[in-house]
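Asker: Here are the chains, one letter per residue:
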Amino acid sequence: MASHGIKDQVAIVGMGCTPFGEHWDKGADDLLVDAAHEAYASAGVNQDDIDAFWLGTMGSGVSGLTLSKPLQIDYKPVSRLENMCATGSEAFRNACYAVASGAYDVVMAIGVEKLKDSGYSGLTGSRPPSDGTDSSLTAPATFSLLAPAYAHKNGLDDETMKEVLTRIAWKNHKNGALNPRAQFRKEVAKETIAGSPLVAGPLGIFDCSGVSDGSAAAVIVRAEDAHRYTDNPLYVKALSFSSGPATGALDPSYDYTTFREVRASAEEAYKQAGIDDPRSQIAMAEVHDCFTPTELVLMEDLGFADEGTAWKEALNGSFDLDGDLPVNPDGGLKSFGHPIGASGLRMLFECWLQLRGEAPPERQIDSDKTLGLTHNLGGQPGACVSFVSVVGSEIG
Amino acid sequence: MRGIIGYGTYVPYYRLDRARITAAMGAGGGKGHRSVAGYDEDTTTMGVEAARNALRGSSVTPSSIWFATANPAYLDKTNATAIQAALDLPQETWAVDAGGSARSAEAAISGARGTPGISMAVVSDLRTGNPTSNDESGGGDAAAALLFGDDEDAPVIAHAIGRAAATGEFLDRYRLPGENASKIWEERFGEQAYLTLAEDAIERALKEADLGLEDIDRVVIAGLHARAVRSLSRIAGDKLVDDLAGRIGNPGAAQLPLLVASALDTAAPGETILCVHLADGANASVLRTTDAIAEYTPFSSVESQIENGSDNLDYNLYLTWRGFLDRESPRRPDPDRPGAPPAFRSEDWKYAFVGSRDRSSGAIHLPPMRVSMDGGAVDDMERIRMADTPATIATFTVDYLAFSLSPPTVAVVIDFDGGGRFQAEMTDVDPNEVKIGDRVEMTFRRLFTAQGIHNYFWKARPLAE
Chain G
3 MASHGIKDQV
13 AIVGMGCTPF
23 GEHWDKGADD
33 LLVDAAHEAY
43 ASAGVNQDDI
53 DAFWLGTMGS
63 GVSGLTLSKP
73 LQIDYKPVSR
83 LENMCATGSE
93 AFRNACYAVA
103 SGAYDVVMAI
113 GVEKLKDSGY
123 SGLTGSRPPS
133 DGTDSSLTAP
143 ATFSLLAPAY
153 AHKNGLDDET
163 MKEVLTRIAW
173 KNHKNGALNP
183 RAQFRKEVAK
193 ETIAGSPLVA
203 GPLGIFDCSG
213 VSDGSAAAVI
223 VRAEDAHRYT
233 DNPLYVKALS
243 FSSGPATGAL
253 DPSYDYTTFR
263 EVRASAEEAY
273 KQAGIDDPRS
283 QIAMAEVHDC
293 FTPTELVLME
303 DLGFADEGTA
313 WKEALNGSFD
323 LDGDLPVNPD
333 GGLKSFGHPI
343 GASGLRMLFE
353 CWLQLRGEAP
363 PERQIDSDKT
373 LGLTHNLGGQ
383 PGACVSFVSV
393 VGSEIG
Chain R
27 MRGIIGYGTY
37 VPYYRLDRAR
47 ITAAMGAGGG
57 KGHRSVAGYD
67 EDTTTMGVEA
77 ARNALRGSSV
87 TPSSIWFATA
97 NPAYLDKTNA
107 TAIQAALDLP
117 QETWAVDAGG
127 SARSAEAAIS
137 GARGTPGISM
147 AVVSDLRTGN
157 PTSNDESGGG
167 DAAAALLFGD
177 DEDAPVIAHA
187 IGRAAATGEF
197 LDRYRLPGEN
207 ASKIWEERFG
217 EQAYLTLAED
227 AIERALKEAD
237 LGLEDIDRVV
247 IAGLHARAVR
257 SLSRIAGDKL
267 VDDLAGRIGN
277 PGAAQLPLLV
287 ASALDTAAPG
297 ETILCVHLAD
307 GANASVLRTT
317 DAIAEYTPFS
327 SVESQIENGS
337 DNLDYNLYLT
347 WRGFLDRESP
357 RRPDPDRPGA
367 PPAFRSEDWK
377 YAFVGSRDRS
387 SGAIHLPPMR
397 VSMDGGAVDD
407 MERIRMADTP
417 ATIATFTVDY
427 LAFSLSPPTV
437 AVVIDFDGGG
447 RFQAEMTDVD
457 PNEVKIGDRV
467 EMTFRRLFTA
477 QGIHNYFWKA
487 RPLAE
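In the order they appear, the protein sequences are chains G and R. First residue of the first sequence? That's 3 in my numbering, and the numbers climb one at a time after it. First residue of the second sequence? That's 27 in my numbering, and the numbers climb one at a time after it.
Some hints here could point you the wrong way.
What the hints assert, rightly or not - Heads up, simulated DSSO-like pairs for lysine-lysine below, C-alpha to C-alpha not over 27 Å straight-line:
(1) R/Lys461 with G/Lys164
(2) G/Lys273 with G/Lys371
(3) R/Lys209 with R/Lys233
(4) G/Lys314 with R/Lys461
(5) G/Lys188 with G/Lys314
(6) G/Lys273 with G/Lys192
(7) G/Lys155 with R/Lys461
Claimed, not checked - Chain G is nowhere near these chain R residues, computed Cβ spacing over 10 Å in every case:
(8) Gly58
(9) Ile210
(10) Asp414
The hints are simulated quantities; they were obtained by calculation from the structure and are not laboratory data. Glycine included, each C-beta is placed from N, C-alpha and C at the ideal position.
Work the whole structure out from these sequences, hints included.
Answerer: Encoded structure:
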C-alpha cells in the first residue's frame, strides 16, 4: 500500500477568482456565478461541457444544491466538501482525482464563502452538541501560542519577534497593494502594524488575516487534453493532505513551534513532485498566512528555510516579491481575508497567473523556475489538517 | 463517639475594598473588605472547592453529601450531584440539597451528623445586595464543609456535647425567587425576636452539656442579622471568635461552618466552643475538641485563604459579575449550551477531571481517549484523576476576543507533575503576571451559562503557596 500521486496526469485549463472583500451587494450565489463563469470563459468552455463539480464551502451552504441552484446546473453530480480552512484545496484535490481516475473528462473545483453576513468578528461556525469542555479559544489565540514558543526556542527577544511578525504582515500587505482582487489594497506602515490593538497574546489586529467574501474556481481536464483548451495549462504535480491525531494539546513533546501535519503533507507532496530542495526548485509559494506566526513557522515546515532561520530570512527579505523565494506574491490571506472555501483556489489562481506570465507587470515574478506551491491548513497548532499542492507550467 | 472528623473551607480569591463602593456611589461601602466569588464561580463550585479541601485534609470517602445554600445555582435540579461528581465519588453516595435559607445550613449539618457512616455537610453562599446597601458591603462569598464520622472511621477532632434549637416565625429578611437582593424588616424588631430565642437555645444547650457559660472557652456567633449578632456577642466577651466580617464580610449560610472551621483551625485539645446560629430562630451547640485535634492539620486554613486573596477588584467589575452592569459583548456568537447526553457520557472528565492512562505506554490523555496517542493501543486505558495534581505552565496566551463575562481570557498549556498535558483556561490571575514555568493547580468552575445551563468544568489557577 502506498500513495502514488497523479503527477502530470491532470491540468488546470481555466480559472476564475472574484475580488475578495466585503461584498454587501452579493450573496454566495452571486459569487459562485461570477467565479464559475470567469473560469468557463478562461477555459473556453460552456457549463454544459463540465461533467462534474466539487464545491468547497465551510458554512455558506450544504449539499450540491448550493452550487447547482444558482448556476442552474442540469442534473450533474455536485459534491460539497468541507475540511476546515483547507476546504477550497480539498475541493480541488478531489476534482483532480476524479479526472485522473478516468471517471470524467472535464470537471470544476469551486470554492466560496460568504462570511460578512454573520455580523460577527472573525470566523464562526456551528459545532455538534458537546459536553462543554472544548476549548473556547478563538483562532488568533490558538495560533498566538506559536509566537512565544518560537521565540523561546530560537532565543529571540520579544522586540525581535515582534519585528519579524510585523515584517511578514508588512510584506504581504505590500504585495496585496498591487493586486486588484485583494480585500486590502494598501501598503501598511510597520509602525501601524506593530502598534495595532492586541487581539491575542502578542498578536495585534494586523497580525491577523481579514474576514471577507469571495469565490474562486478551476476547470480541470486530463493533461493530454489540456492543449485543446489552452496553450498554457498548469499541470498538477502533487496533491497531499494530512489530518493529524490532534494530540498537540495532550502531548508534552509538542512545543508549538511546528505543524507536524504540514511537515507530513510537504514531504508527501515533494515526493510526488520529485522535489528534493524546495527552496531552490520552486518559483513561488502561496501559504496559509492566517496569522503572522503561522507564515513564519510554515517557512521551516515547508522546507523553505533551515530550522531556526525563518525569522532571519523573513527579516532579510528572502520571501519578498523580489526575494529568493517569493511567498504570497498575491498578498496572501493577510490582504485577501479568508473566505474559507475559496482561499485554497485563490492561491492556485495566483500560481495560474504567475507561472503563465499573466500577473500584472508590477507583481509578475521574474523566474526561470516553473513550479508553484500552494499550502492550506485548518485547525490550530497541534490539531490541524494540512494541504500542499505543487503545480507547474511544464510537463515532466 | 461521633463528631467532626475533618473540615475544609473555601474563600474565593477576590476581595472588594468597601471604600471603592463609597468612592463610586457616594454612599454605601465602609471600611474593610468583602470576599467576592469570581465571575466563573457559584455556590456549587465554591462548595466543590471547600469539599475538596476537606477531603484533601483527610483520607476518607463520604457516603453522603448534604449541600445547603441560600443561593442555589439551579432550582428543581439538585446541586449536590455536581459536587458529588466533581469529587469523583461513587454513585452509592447520597447527595442531597437543603436550600433556600441561611438556616438550611443547620439542616445540612444536622443531616450529615445524624446520617450513619461518613457524611459531609457542604454549605456555600454567595451574597449580593443592591448597590450601596448594607448587604452589598457587609455580605461575603465563601463555602465550608464539615466531615462527620465515628472514631472508627477517622479520629473525631470535635463533637457536640450539647445542642438545642429554637424556632420563630417572624419576618426578618426575605427574598422572592429570582430577586438579586434581600429585603429586611426594621432591624430593632428582629433583634428582640432573636435575643429571646437565642437565650432559650443557649440555656438548653449548656444544660445538656452540663456547663455554665463561664466554662466555655470560645464562642462562635453567626447570623445575617448584624444587630442581633452584635447584641448577643456581649455574652461572649473576649471569648468571641472573630467573625471575619471586616476582612471577608458575612457569607450568609456558610458563615456558621466557616467560623466553626476558623475556630478549629487554632483550637487546642479539650476546648469547649459554643456555636450559635441566628437564622429564623436560634441554634446553639457546644463542641468539645478532642486530643486528636492536635494531630489534625486542615488542607488550607481560613487565615491562609484570606491572606492569599487579591484586594484589587474594581467595583465596576464586581457590579458586572453580579449582573448589575451589562457590558457590550464582543461581536462573537454566544457560546453553545452543553448537550445533556454528551455531558452525561463524559461525566468523569467534565466533572471529576479524570483522564485515561495507557496501560502499556503510560501516556496520559486529557481528555480521555480510547485509542492511545502513543503506540495506538485500543481500549487499554485506566482512569486517572488529575484534579489534585499540580502542573507547570508550558506556554500561554491571552485571548481578547473570546466570549467571557470578564475578558480577556487567559489560556495556558500545562504539563502535570508526573505526566499529562492539558490546554486550560486560567482564572484568579492577572493576565500580565502569567509566565512560562509558573505553577498551577486545577479548580472547578462555571465556564459560562448558556440557555439556562451552567457549563461546569475545570480551570487552572495559581498554585497556593
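Asker: Take the hints in turn and mark each one as holding or not.
Answerer: Hints, one by one, checked against the model:
1. As the CA atoms of R/Lys461 and G/Lys164 are separated by approximately 18 Å, the hinted pair is consistent with the 27 Å bound.
2. Taken as a hint, the G/Lys273 and G/Lys371 pair is honoured in the structure, with Cα atoms around 18 Å apart against an allowance of 27 Å.
3. Taking the CA atoms of R/Lys209 and R/Lys233, the gap is about 36 Å. The hint is violated against a cut of 27 Å.
4. A distance of roughly 26 Å separates the Cα atoms of G/Lys314 and R/Lys461; the hinted pair therefore holds under the 27 Å criterion.
5. For a cut-off of 27 Å, the pair hint linking G/Lys188 to G/Lys314 stands: about 25 Å separates their Cα positions.
6. The suggested pairing of G/Lys273 with G/Lys192 is violated, with an alpha-carbon distance near 38 Å, which exceeds 27 Å.
7. Distance hint between G/Lys155 and R/Lys461 is fulfilled; the C-alpha atoms sit about 15 Å from each other, no more than 27 Å.
8. No Cβ of chain G approaches the Cβ of R/Gly58 within 10 Å, the least distance being about 36 Å, so the stated non-interface status holds.
9. With a closest Cβ-Cβ approach of about 38 Å to chain G, R/Ile210 is found to remain outside the 10 Å limit, as its non-interface label requires.
10. Its beta-carbon lying about 18 Å from the closest one in chain G, R/Asp414 satisfies the requirement of being farther than 10 Å from that chain.
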